[in-house]
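Go ahead and model the full structure; you've got the sequences and the hints to work with.
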Amino acid sequence: MSVYHHNLLTGGSRRCGHSSRESSFLHKACVTTVLLLAWFVLSAVPVQADDWQYDGAPRVVAIADIHGAHDAMAEAMRAAGVVDEQLSWAAGEAHLVIVGDILDRGPDSRRVMDLLMRLEGEAEAAGGKVHVLIGNHEAMNLVGDLRYVSTSEYAAFADEETAEERDRWFQEYVRARAPGGQTPEGLATLFRQKFPAGFFAHRRAFASDGKYGAWLLSKPAIVVVNGTAFVHGGLSPMVEQIGLEGVNGRLIGEMGEYMRHVERLFAAGVLLPTDNFHDHPAILSRHMPALDTSAELLKSIETVKKLNGSALHDLDGPLWYRGNVVCSELIEADKLAGALEAIGAHRVVIGHTPTPGRQVLERLDGRVIEIDTGMLNNYYGGSANALVIDADGVSAVNQDGSVTAATPHPRSVGTRPQGRMTFDQIETVLLNGEVVSRRETETGEDVVTVSDGTYTLEAVFDKRKSRGFYPEVAAYRLDKLVNLEMVPVAVVREVDGDDGSLRFRPKNFINELERQEEGSGGSAWCAVQEQWNAMFVFDALIYNEGRTGEDILYSLDWWQLMLVGHDTTFKARRGVPARLQSVPYEVGQAWKDAAAGLSTEVLADAMGDVLDEKRLKALAARAEALAEAD
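Numbering-wise (the numbering used here), the sequence shown opens with residue -1 and increments by one.
Think of the hints as simulated: they come from the structure by calculation, not from any bench. This structure is a prediction, so every number in the text was calculated from the model and none was measured. All C-beta atoms in this analysis are idealised placements derived from N, C-alpha and C, irrespective of residue type, glycine included. Treat the hints loosely; a few may be bogus.
Below 30 Å or equal to it, Euclidean Cα-Cα: the simulated DSS-like pairs (lysine-lysine) are [said to hold, decoys possible]:
| no. | residue 1 | residue 2 |
| --- | --- | --- |
| 1 | Lys304 | Lys192 |
| 2 | Lys590 | Lys615 |
| 3 | Lys297 | Lys209 |
| 4 | Lys461 | Lys505 |
| 5 | Lys127 | Lys217 |
| 6 | Lys569 | Lys615 |
| 7 | Lys569 | Lys612 |
| 8 | Lys590 | Lys612 |
| 9 | Lys304 | Lys217 |
| 10 | Lys478 | Lys505 |
| 11 | Lys461 | Lys612 |
| 12 | Lys615 | Lys463 |
Now the in silico label distances, taken between C-beta atoms and shown as ranges [to be verified]:
| no. | residue 1 | residue 2 | range |
| --- | --- | --- | --- |
| 13 | Asp607 | Gly451 | 19 to 29 Å |
| 14 | Ala266 | Asp390 | 49 to 59 Å |
| 15 | Lys478 | Asp450 | 18 to 28 Å |
Here it is as structure tokens:
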């Protein structure tokens, strides 16, 4: 029994910053430093690598992001033939993979865990296997980051918590952590609000030797079955760097080590179970002068402070990483290829990021399959789906029994009104919708409101610059050809008798100048420095001589880069614009492959009505040079 467990019974993330607008992507050393600082010697934890890689499974079923939605999960399992009506294992030698996030927000997380624990044994007896992967919410519960634990989740443990136990921890809380200026009644109310009935029994159950804590501590971040990798967040660059055994061994080791040292500090009264994970370093630093300086406690203090900042809790760790889903293919393809090769897989199935339309999606030529379909309906507005991989291929079985194929991930640039419109829908509205209003912004943009009766969009009108030249439309079409996904939809259209183009104007954005002033963007789902590198390559391709901070926009939902202001682009010149000659951007293999497909014929077919012959030939020459870049 751990000291934490005994006491209770008796009683994450920063990204590397960047200092300059046009060279921030070079700060790879910062990322490397984060990884190295989090890597230090851990106590030995028995792990078995052969539990992470399997071949020969006749059928694989994957379910993600249950979030306590027990009944929806059960319906999907029945529909996929994993369990029978009594929720007993019915899949024989098949493998079931739970792709993380079984906890938080929903009412029945404990029932979900109990079912999965039982199915593990039943599947083994039948020759099958249940793989439960750690998601970010499991990690959060283990280390004490309880932001998303619902009152109903605590309530499931209330019967295992005594009034005496709650009173003991109330007294400890008042003594050490309670805010001043409160009446006794106010403190009692605050305590009940912050730590509802069942809280302390919940923390016992998630201790390193608790029923659920010990169970989760044995679970990996990644498994590979029949050449398909399964991971909660995504295959981040860390996976390529340290491999399957490195990621899983590190996860299990760091998590267990952190929890054991925190529990030692609980026993010493240095930390309390009421303390939040994010407050641990500050509390330890603040109380250092008053602490027993024994070697044992000092080791625990230093270990907790270091592991609190582990890259496993960072946006670039496999539990949180979203690059596989949100980054441009030109950014992500090379990284994904390296990660897949490092773990012996040809594709990856991920959860974590709710899918547009709440459907099972695929991208990057089917190498990424997204299965977080918002199972907890009252929070995410979706339904449970089970991904099935068998001899017939890949399919998605909904909890209602319907079967569909994985849908291509929709292109997305900017926040759309009235739901997530497709690019084709936006193009149609811009081309054919009625102009209902027109205004000039403070920055001089000619903003036109267009509606087709169903959708209403704002667009920026640009008069034609010269005969046969529509730069915003050309930039958008080239973006489509190379799968950059940074240039908003633009179409050729006449407005009020003027020939020009309409460019979709997303909602909820700021420009680079505003971002710098605010110091924001560190929470970008796709690292800003990586997006900038892609922008530099694109600007070299289109010979952009004049991009400014006002031409670099960011959507405020997940900091996606959007590129506008292409008046000085597509010059009939070869080489690289002067502004980019001192910028050491990187041209990856994905960019080279995309550029190699931009022949004069391909470009003429896609862009012949918006670029003249000289501009097309120069663009083709620059594309050829890019494809052959060292």
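Structure-based check of each hint:
1. Only pairs whose Cα atoms come within 30 Å are accepted, and lysine 304 paired with lysine 192 is accepted, the gap being roughly 27 Å.
2. At roughly 18 Å between alpha-carbon atoms, lysine 590 and lysine 615 fall within 30 Å of each other, so this suggested pair holds.
3. A hinted pair counts as satisfied when its Cα atoms are at most 30 Å apart, and lysine 297 with lysine 209 qualifies at roughly 27 Å.
4. Under the criterion of a C-alpha separation no larger than 30 Å, the hint pairing lysine 461 with lysine 505 is consistent with the structure, at around 22 Å.
5. For the proposed pair lysine 127 and lysine 217, the alpha carbon gap of about 13 Å is at most 30 Å, so the pair holds.
6. The hinted pair formed by lysine 569 and lysine 615 meets the criterion: a straight-line CA distance of about 10 Å does not exceed 30 Å.
7. For the hint pairing lysine 569 with lysine 612, the CA-to-CA distance comes to about 9 Å; that is within 30 Å, so the pair holds.
8. A distance of roughly 23 Å separates the Cα atoms of lysine 590 and lysine 612; the hinted pair therefore holds under the 30 Å criterion.
9. With a CA separation close to 22 Å, the supplied pair lysine 304 and lysine 217 stays within the 30 Å bound.
10. In summary, the hint linking lysine 478 to lysine 505 is supported, as the alpha carbons are separated by about 21 Å, within the 30 Å threshold.
11. A hinted pair counts as satisfied when its Cα atoms are at most 30 Å apart, and lysine 461 with lysine 612 qualifies at roughly 21 Å.
12. For the hint pairing lysine 615 with lysine 463, the CA-to-CA distance comes to about 19 Å; that is within 30 Å, so the pair holds.
13. Between aspartate 607 and glycine 451 the CB atoms are about 28 Å apart, so this pair conforms to the stated range of 19 to 29 Å.
14. At about 58 Å, the CB distance of alanine 266 to aspartate 390 agrees with the hint of 49 to 59 Å.
15. Range check, lysine 478 to aspartate 450: Cβ separation about 22 Å, and the 18 to 28 Å hint holds.
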